[in-house]
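K.L.:
One letter stands for each residue in the lines below.
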Amino acid sequence: MSVALVRVDDRLLHGQVLLAWGCALAADRYLVVDDALAASPFESALVQSCGGDAEVAIVPLAEGARRFAEEEARAGSAVALVRGLPEALALARAVRDAGGRLERVNLGGVHHAPGKERVHDFVYLGPEDRAALAALRELSVRVVVQDVPASTPFDAPPAWSARVA
Amino acid sequence: MSEPRHDTVAAPVALVPALVVTHGGLGAALLGAARAIAGAFTGLEAISNDGLSRDALVAAVGDRIAGFGPAGGIVFADVAGGSCAQAALAAAARGAPGPVRVLSGVNLPMVLDYLHNRTRLEPAALADHVQARGRASVQLLEPPAAATAPEGAE
Chain A
418 MSVALVRVDD RLLHGQVLLA WGCALAADRY LVVDDALAAS PFESALVQSC
468 GGDAEVAIVP LAEGARRFAE EEARAGSAVA LVRGLPEALA LARAVRDAGG
518 RLERVNLGGV HHAPGKERVH DFVYLGPEDR AALAALRELS VRVVVQDVPA
568 STPFDAPPAW SARVA
Chain B
1411 MSEPRHDTVA APVALVPALV VTHGGLGAAL LGAARAIAGA FTGLEAISND
1461 GLSRDALVAA VGDRIAGFGP AGGIVFADVA GGSCAQAALA AAARGAPGPV
1511 RVLSGVNLPM VLDYLHNRTR LEPAALADHV QARGRASVQL LEPPAAATAP
1561 EGAE
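So the protein lines, in turn, are chains A and B. When you line the first sequence up against our numbering, it's residues 418 to 582, in that order. When you line the second sequence up against our numbering, it's residues 1411 to 1564, in that order.
For the record, the hints were derived by calculation from the structure and aren't laboratory data. Hints may contain errors.
[Said to hold, decoys possible] Between beta-carbon pairs, the in silico distance windows are:
| no. | chain 1 | residue 1 | chain 2 | residue 2 | range |
| --- | --- | --- | --- | --- | --- |
| 1 | A | Asp452 | B | Ala1503 | 46 to 52 Å |
| 2 | A | Ala492 | B | Thr1529 | 53 to 59 Å |
| 3 | A | Glu534 | B | Phe1451 | 24 to 30 Å |
[As the list claims (entries may be wrong)] Covered stretches of chain B, going by a simulated chain A footprint (3 or more residues, C-beta under 8 Å):
| no. | segment |
| --- | --- |
| 4 | 1432–1446 |
| 5 | 1477–1487 |
[Said to hold, decoys possible] From chain A, some residues computed to sit far from chain B (all C-beta separations above 12 Å):
| no. | residue |
| --- | --- |
| 6 | Arg428 |
| 7 | Leu429 |
| 8 | Ala462 |
| 9 | Arg500 |
| 10 | Ala511 |
| 11 | Lys533 |
| 12 | Tyr541 |
| 13 | Leu556 |
| 14 | Ser568 |
| 15 | Thr569 |
| 16 | Pro575 |
Note that beta-carbon positions come from the ideal geometry of N, C-alpha and C, so glycine has one too.
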């Protein structure tokens, strides 16, 4: 089975993912694709300890596409996580280059940081995020805004994207 | 039910500092409820993860626990494995002036127990005591055996 949800969330694996999405999708596995986390043994161990009975794998972006493809052959349900839209774009490109396709991304939480402006309750975008949204659109990746399964999803509006030159 | 043991302490100890880190307004509500029961207090703050990224939440917790001092303190978090608990552990590991005990599953009896004992017990003993109180407070309540059902009830 392929990955049931690819989520952009700058908190990565946390309560909303484990308790809401994890239950709704009956997730057996979490695939956290993140360079910073993968480079830190302590942070990796901390996040892995949060998965309970579910398997938690933490890999750098360079390994994301391979792990993504491996999920096709595995039983059960997996949730993949990246911390930002630029990382989602990098993963989408890597998956494409490996012969696959990332069709849909869940935009679940990109919070305030310097240089970002609020476009939604849980979505703050800076120039890099807007450019990534535009590029994802060009790759025909659908970006769906939804924090928890119980909330109403909607497609990221074109106005959130940077204009493509 | 086993009640938490009340350790005997010969002399008061320095107030053990603490922080409550939760989703939404839970922490502030817990402190408000604690004030309604125990009266006004200082030295215990609540912060929310609302609107904060993982890194921002770790930084916010780190700023607070930097003031704990070399004897350390306690961070109360709500969901084990959630962003608040992760931030507390990460901030403690990245550099706190003393040992930080992170207790998840925070509830009102735990906060009240902390307030009652924070100048009686050393940090490690206090964390144990509060944890025991929190566990003991979760019960399946049933009417006393001798009680009779209200008239008209089935």
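K.L.:
Does each hint hold? Answer for all of them.
P.N.:
These are the hints, each one checked on the structure:
With their beta carbons about 19 Å apart, Asp452/A and Ala1503/B fall outside the hinted range of 46 to 52 Å. Separation of Ala492/A from Thr1529/B is about 55 Å and conforms to the stated range, judged on CB atoms against 53 to 59 Å. At about 38 Å, the CB distance of Glu534/A to Phe1451/B disagrees with the hint of 24 to 30 Å. With 1 residues carrying a beta carbon less than 8 Å from a beta carbon of chain A, the segment 1432–1446 of chain B misses the three-residue requirement, and the given coverage is violated.
Here the segment 1477–1487 of chain B counts 0 residues with a CB under 8 Å from a CB of chain A, which misses the bar of 3, and the coverage is violated. A cut-off of 12 Å between C-beta atoms contradicts the statement that Arg428/A is not in contact with chain B; the least separation is 5 Å. Chain B draws Leu429/A into its interface by the beta-carbon criterion, the shortest separation being 6 Å against a cut-off of 12 Å. At the 12 Å boundary, the C-beta of Ala462/A falls inside the reach of chain B, the nearest C-beta of that chain being 10 Å off.
Residue-level check failed: Arg500/A sits 7 Å from the nearest beta carbon of chain B, not beyond 12 Å. For Ala511/A, the shortest C-beta to C-beta distance to chain B comes to about 23 Å, beyond the 12 Å cut-off, and the non-interface label holds. At roughly 10 Å, the least C-beta separation between Lys533/A and chain B is not larger than 12 Å, which violates its mark as non-interface. Distance check for Tyr541/A against chain B: the nearest CB is about 8 Å away, which does not clear 12 Å, and the non-interface claim fails.
The Cβ of Leu556/A sits about 25 Å from the closest Cβ of chain B, beyond the 12 Å cut-off, so the non-interface label holds. With a least beta-carbon separation of about 15 Å from chain B, Ser568/A lies farther than 12 Å from that chain, consistent with its non-interface assignment. For Thr569/A, the requirement that its beta carbon stay farther than 12 Å from each beta carbon of chain B is met, with the minimum near 19 Å. At roughly 25 Å, the least C-beta separation between Pro575/A and chain B is larger than 12 Å, which holds for a residue marked as non-interface.
Comparing the model with each earlier hint shows violations of hints 1, 3, 4, 5, 6, 7, 8, 9, 11 and 12; every other hint is respected.
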